[in-house]
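Asker: In the order they appear, the protein sequences are chains A and B. Under my numbering, the first residue of the first sequence carries the number 20, and numbering increases by one thereafter. Under my numbering, the first residue of the second sequence carries the number 2, and numbering increases by one thereafter.
Just so you know, not all the hints are guaranteed correct.
The calculated DSS-like cross-link candidates involving lysine-lysine, where the alpha carbons are at most 30 Å apart (straight line), are [unchecked claim]:
| no. | chain 1 | residue 1 | chain 2 | residue 2 |
| --- | --- | --- | --- | --- |
| 1 | A | K284 | B | K69 |
| 2 | A | K23 | A | K284 |
| 3 | A | K165 | A | K119 |
| 4 | A | K284 | A | K364 |
| 5 | A | K284 | B | K45 |
| 6 | B | K13 | B | K69 |
Calculated from the structure, these hints are not laboratory results. Note that the structure is predicted; figures quoted are calculated from it, not measured.
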Amino acid sequence: MWWKITSVVLLLYAIIAGFLVPLKSGIERIEPSVAQTGEQVQIRFFGYNTFFARPSGETPIRVWLYYNDQYALMAQAVRPLNDTILEATFQMPANLPEGKTFVLLNALADHPTAGASLLPIALTLRQARASEGPLDPAWTAHPVEKLHLQKGFSFPYQNILYETIRNTYFHVPMWFVLLFLFAASVWYSVRYLRRPEADFDRRAAAYAEVGILFGLLGLTSGMVWANYTWGKPWSNDIKQLMTAVALLIYFAYFILRGSFSDPEKGARLAAVYNIFAFASLIPLLYILPRMFDSLHPGATGNPAFGTQDLDNTMRAVFYPAILGWTLLGFWIADLRMRLQRLKDKALGLD
Amino acid sequence: MNWRNLLPLLHKEMVLELRQRYALSGIVLYVVSMVFVVYVASVKPTPPVWNTLFWLIILFASINAVVKSFVRESGARQLYYYQLADPAALVLAKVLYNALLLLALGGLATVAFTLVADSPVQRWPLFAGTLALGSVSFSIAFTFISAIASKADQSATLVAILSFPVVLPVLLTLMRLSAACFTPAGMPVDAWPDVRNLLAVDAILIALVFVLFPYIWRD
Numbered sequence: 020m021w022w023k024i025t026s027v028v029l030l031l032y033a034i035i036a037g038f039l040v041p042l043k044s045g046i047e048r049i050e051p052s053v054a055q056t057g058e059q060v061q062i063r064f065f066g067y068n069t070f071f072a073r074p075s076g077e078t079p080i081r082v083w084l085y086y087n088d089q090y091a092l093m094a095q096a097v098r099p100l101n102d103t104i105l106e107a108t109f110q111m112p113a114n115l116p117e118g119k120t121f122v123l124l125n126a127l128a129d130h131p132t133a134g135a136s137l138l139p140i141a142l143t144l145r146q147a148r149a150s151e152g153p154l155d156p157a158w159t160a161h162p163v164e165k166l167h168l169q170k171g172f173s174f175p176y177q178n179i180l181y182e183t184i185r186n187t188y189f190h191v192p193m194w195f196v197l198l199f200l201f202a203a204s205v206w207y208s209v210r211y212l213r214r215p216e217a218d219f220d221r222r223a224a225a226y227a228e229v230g231i232l233f234g235l236l237g238l239t240s241g242m243v244w245a246n247y248t249w250g251k252p253w254s255n256d257i258k259q260l261m262t263a264v265a266l267l268i269y270f271a272y273f274i275l276r277g278s279f280s281d282p283e284k285g286a287r288l289a290a291v292y293n294i295f296a297f298a299s300l301i302p303l304l305y306i307l308p309r310m311f312d313s314l315h316p317g318a319t320g321n322p323a324f325g326t327q328d329l330d331n332t333m334r335a336v337f338y339p340a341i342l343g344w345t346l347l348g349f350w351i352a353d354l355r356m357r358l359q360r361l362k363d364k365a366l367g368l369d
Numbered sequence: 002m003n004w005r006n007l008l009p010l011l012h013k014e015m016v017l018e019l020r021q022r023y024a025l026s027g028i029v030l031y032v033v034s035m036v037f038v039v040y041v042a043s044v045k046p047t048p049p050v051w052n053t054l055f056w057l058i059i060l061f062a063s064i065n066a067v068v069k070s071f072v073r074e075s076g077a078r079q080l081y082y083y084q085l086a087d088p089a090a091l092v093l094a095k096v097l098y099n100a101l102l103l104l105a106l107g108g109l110a111t112v113a114f115t116l117v118a119d120s121p122v123q124r125w126p127l128f129a130g131t132l133a134l135g136s137v138s139f140s141i142a143f144t145f146i147s148a149i150a151s152k153a154d155q156s157a158t159l160v161a162i163l164s165f166p167v168v169l170p171v172l173l174t175l176m177r178l179s180a181a182c183f184t185p186a187g188m189p190v191d192a193w194p195d196v197r198n199l200l201a202v203d204a205i206l207i208a209l210v211f212v213l214f215p216y217i218w219r220d
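Bound-form chain A, shown alone (with noise of 0.2 Å):
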């Protein structure tokens, strides 16, 4: 009982703050995004969640366009249209660091309450040739320092995600149960061929049942995550087509588990293909979409996620999710299988 309320609490806490929570500031888009050495411009950073205009205290907004971190530009006046449309006009150096022709600049603005927000490679600034002289020293005169961080409980913000970082706590948690759904009912399956009791084999049959049903909803809910991220629902990703794969194994068990005549003999076959298919899952799972590039996070389709790719903040949510819809998938399994013994016992097959 305690765990069906856990489930509960955990499931509504992550789906109230995987939407509610707002997003960190980001900048979104620059314009001009090519400029010239030595000429002065006005830039125009359109914000995401960001508070241009709200009164930012004795320190001031401040903006750079920077290279490295010994290279930063920073800009000579800041004005902030409304909330999210900042303009900034830059006195550009007279000739680039390194000899080089052009370099990318990426862009950050710095609010003292609502902390600093990113924008790599937003600026393209080219000089006609290279030049042998000096160093313009408006490069180091001003240096990236003394950054804000954002306060209170936030997401992180990312260019091509924007609001959709918050299927993180859907899509993500049901590989998860997936994965241990049908981790049960190979464990059920092996408990059925030691024992054979007609309940050890409804609770396989019932967790494969709500591992498929995970596996078609974390498939829908990374198609339209895709759409959005990737421009297209289906790239035959390696996880896509692995998924799918997957999901045809148990299909096919479900297959298997029809074709018999003798409801004892289904089981115990049925119960030996999957085990035996459990345990070609795990290269299809885990190996072979290390072998693959993907264009999911994590180095070329690497299964896990990088260091990088949750926050502290996703975190809180992301972990509870995952415990919460695991709780509820064997819930859902467990009401399952005890229809499916309420029907046995109505047919006299138990």
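Chain A is fixed; fit chain B onto it per the hints.
Answerer: Then chain B, alone, in the frame of chain A:
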């Protein structure tokens, strides 16, 4: 397990195959006609297409070759074998026999395919190794699944739907390996991760076959 029975059992499989020669000829004809269909359909396939077509031919030929291993003999006769010999030795003999059969079929398909559609393979030793690894993996998976399916009421379609998802990781890895065989001899190729994965999968599958087969053969 009683290993002394292994060689007689292997011998029995071969004798049985030679006695029902139409089955073997059927498979050989199957491979040759598939190769010919490919030849008629696309005269000169590019290397990636060659790879895909070749492994599809191997996949379907393997399934057709292996599917009969448990339905060939009647249930009563199989029960008799299980009393004479260790069931584990029996299934191992079948796996070994099928691996040899698939290797021969793979060799035949390679020769036939090279004749009609110029093979892009540059590294023949690696390709032969890939073929051998593939034969072993397919043989383990298909033999075991045909043992399961032979107990069901309509087994022919079951073997395909039960085994395709299971062998798909193996098939993808084999295709990667054989694509690596297309690179010219001078270039370095790191085939070891794929070979290692295939060996690991084979080890898992064969271990499962030994553990699980006792639950299949008893009726």
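Asker: Against this structure, judge whether each hint is valid.
Answerer: A quick look at each hint next to the structure:
no. : hint            : verdict
1   : A:K284 x B:K69  : holds, 21 Å
2   : A:K23 x A:K284  : violated, 34 Å
3   : A:K165 x A:K119 : holds, 29 Å
4   : A:K284 x A:K364 : holds, 19 Å
5   : A:K284 x B:K45  : violated, 50 Å
6   : B:K13 x B:K69   : holds, 15 Å
Hint check: violations occur at hints 2, 5; the rest are consistent with the structure.
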